[in-house]
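Trainee: If you want the building blocks of each chain, they are given just below.
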Amino acid sequence: MAKKILELHELKREFVMGDMTVRALKGLDFEINTGEFVTIMGSSGSGKTTLLNILGCLDKPSDGSYMLDGIDVKSLNRDELAGLRNRKIGFVFQAYNLLPRTSALENVELPLFYNKEVSAEERKERAIKALDAVKLSDRFDHTPSQLSGGQQQRVAIARALVNEPVMILADEATGNLDTRTSYEIMALMQELNAQGKTIVFVTHEPDIAAFSSRTIMLRDGKLQKDSINEKPRSAKEALASLPESDDY
Amino acid sequence: MSILNLLRIAFRALKRNKLRAFLTMLGVIIGVAAVIAMMAIGQGSKQSIQASLSSMGSNMITVMPQSNTPGSVRLAGSSIQTLKLEDIAAIKRLQSDNINGLSPVVSTSGQAIKGGNNWPTSITGISPDYLHIRQLVLLDGIMFSDNDVKKSAKVCLLGKTVIDNLFPDGSNPIGQIIRFKSIPFQVIGTLVPKGQSNFGQDQDDIILAPYTTVQNRITATNYLQSIYASAVSEAASDAATQEITAAVRASHKLLPSQDDDFQVRTQAELISTISSTSSMLTVLLTAIAGISLLIGGIGIMNIMYVSVTERTREIGLRMSIGARGKDILMQFLIEAVMISITGGVLGVVLGVTSAYTISYFLHWPILISQSSIVISFVVCGVTGIFFGYYPAQKASRLDPIEALRYE
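Sequences listed follow chains A and B, in order.
Start counting the first sequence at 1; every next residue gets the next number (our numbering).
Start counting the second sequence at 1; every next residue gets the next number (our numbering).
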């Protein structure tokens, strides 16, 4: 039986702006188990981003509960949240957010700098391993400006992997990439998922959601649909079927 | 995050904006260099004044007549004839352990003549102790003895200025006869030149003779212009001053209700007066230089705010992957301190170099004290922390969500 990684119960998030109260999330209930590949979808204004911030421990729910790997996030302070992000979550952003003029290896090492338990040698070892996992073993010394968009995003994924998180949280991770590179990234995600990584992927593209094993649809701050995708599409096959138009 | 890594991050951030970092440092560099150079010049001049005052005899005590106001008529000190040889005898009778030299001083001006050369100067009548009190050194010949004093011997010692004017051909003055106010004196010794005093007097324009000779053969008076004494040490000079005052008062038969009709001065007083003036100058110069350091600090603060704004997304990223507020605070604080300390090092180098350059070209005395360098460093560190703290705190308090989306 799979272990529960995420448990949301009656999760609400309200923003007070002057006299108005904006209810971004109006009570969400769902669970995610280890090894799942979940996409969270929804149009803009559906509360996707708010949910992502809460799942990523960047924000706290106003009401209800959010348990991450057995820890009640609501009771933690700022520093404890930072520690939780450091150990349990690997972020992948739409804009990569790599440090400029800093080598790929050091970018990947970055989360481990904030983990006192990791020694300098272990840090480097794990960063090399993570870059191997995203097939960038030959680009250690390259700075972001010397890498393509897809390669930059793979460095970012390696950075998300390096602290061995319980979940990878991707925010429109393919949003800045062309179709071919998007599929490459999704193939990588599927591969990591096959190795047992839990992935939560926020997107608005149904095309991308087809690669995941479960899709959660949000609408107006509520859960609209939570469906299991029995036969996820293989990103590798999708890649193979693309016309080789860019080879001339 | 370890200090070493923080230093590396700060170093890299500065390297990325070399020119900007340097311009920011420039404020600190100029401030520190100014502080160091100003203190070097101020302390150097203070030290040289002290040294030259000490060379006049730092333990010297002078007793001079003072105008008391008999019948409301004030008289100039020099015209008062209250100091007598009896006063010397009274001080001598003390046999004080604090006093190790005592000499009367009688002087009069006049023309010194040797053959076809003459020179307007003055003759100073003294006892042999005078050399030691004034820290004068014989260049050649001998000092006259107590016996010469007793006999009112017509012997004298000459300073360099007098020698140069009476013996322009460079012949040896020892043994020669000169005339002062038509009295012949045999030259028995010459003095090592002392140069100008702090007050612009030529200290080598002197003729020294036994005070008895001057009193009996030239001035025909029995009073003294002043009495010079020397204390055994600077520390003993206060005690010696009190003893001398008491002895002279007793000798003058002054009632306790009467004011002194003389004044006793120590060289130490003079030194402290002049030193305090030059200390004040040093403080003033340093304060002005300190203001430029303050401006340097404001420059750091300004550039750190820019840096924080520029790197808002980086801060957001660092926070999202686990940096705590404290980590971000330290990162920016160390960057600020690195600017100020590097500026401090360069400033010390520039300050020391310019102090030496000034002393080389202008021949001003300088003194670079270790304390001024240490103080500059400490002030730099404090400046960096003080002016770097607010920008760093601003960075550490950013909301990671907003910081990540910052354009």
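Since the hints were derived computationally from the structure, they do not count as laboratory data.
Hints may contain errors.
What the hints assert, rightly or not - Quick partial rundown of chain B residues pointing at chain A, CB under 8 Å, derived from the structure:
| id | residue |
| --- | --- |
| 1 | R16 |
| 2 | R313 |
| 3 | L317 |
| 4 | G325 |
Stated by the list, open to error - Distance ranges between label pairs, derived from CB positions:
| id | chain 1 | residue 1 | chain 2 | residue 2 | range |
| --- | --- | --- | --- | --- | --- |
| 5 | A | S145 | B | I375 | 43 to 49 Å |
| 6 | B | N302 | A | F140 | 36 to 42 Å |
| 7 | A | P100 | B | Q370 | 40 to 46 Å |
| 8 | B | V382 | A | Q195 | 49 to 55 Å |
| 9 | B | V382 | A | E80 | 49 to 55 Å |
| 10 | B | I3 | A | I71 | 26 to 32 Å |
| 11 | A | S43 | B | N17 | 40 to 46 Å |
| 12 | B | N302 | A | Q195 | 56 to 62 Å |
For every residue, glycine included, the Cβ atom is placed at its ideal position computed from N, Cα and C.
Trainee: Indicate, hint by hint, whether the structure satisfies it.
Mentor: Hints, one by one, checked against the model:
1. R16: Nearest chain A Cβ about 6 Å off; hint holds.
2. R313: Interface hint status for R313 (chain B): holds (6 Å vs cutoff 8 Å).
3. L317: holds (4 Å)
4. G325: With Cβ-Cβ at 6 Å, under 8 Å, it holds.
5. A:S145 - B:I375: 43 to 49 Å: Holds: the Cβ-Cβ distance is about 44 Å, inside 43 to 49 Å.
6. B:N302 - A:F140: 36 to 42 Å: holds (37 Å)
7. A:P100 - B:Q370: 40 to 46 Å: With Cβ atoms ~43 Å apart, the hint holds.
8. B:V382 - A:Q195: 49 to 55 Å: holds (53 Å)
9. B:V382 - A:E80: 49 to 55 Å: violated (33 Å)
10. B:I3 - A:I71: 26 to 32 Å: holds (30 Å)
11. A:S43 - B:N17: 40 to 46 Å: Given a distance of about 42 Å, which is inside 40 to 46 Å, the answer is holds.
12. B:N302 - A:Q195: 56 to 62 Å: Since N302 (chain B) and Q195 (chain A) have Cβ atoms about 50 Å apart, the given range 56 to 62 Å is violated.
Taken one by one, the earlier hints fail for this structure at numbers 9, 12, listed in ascending order.
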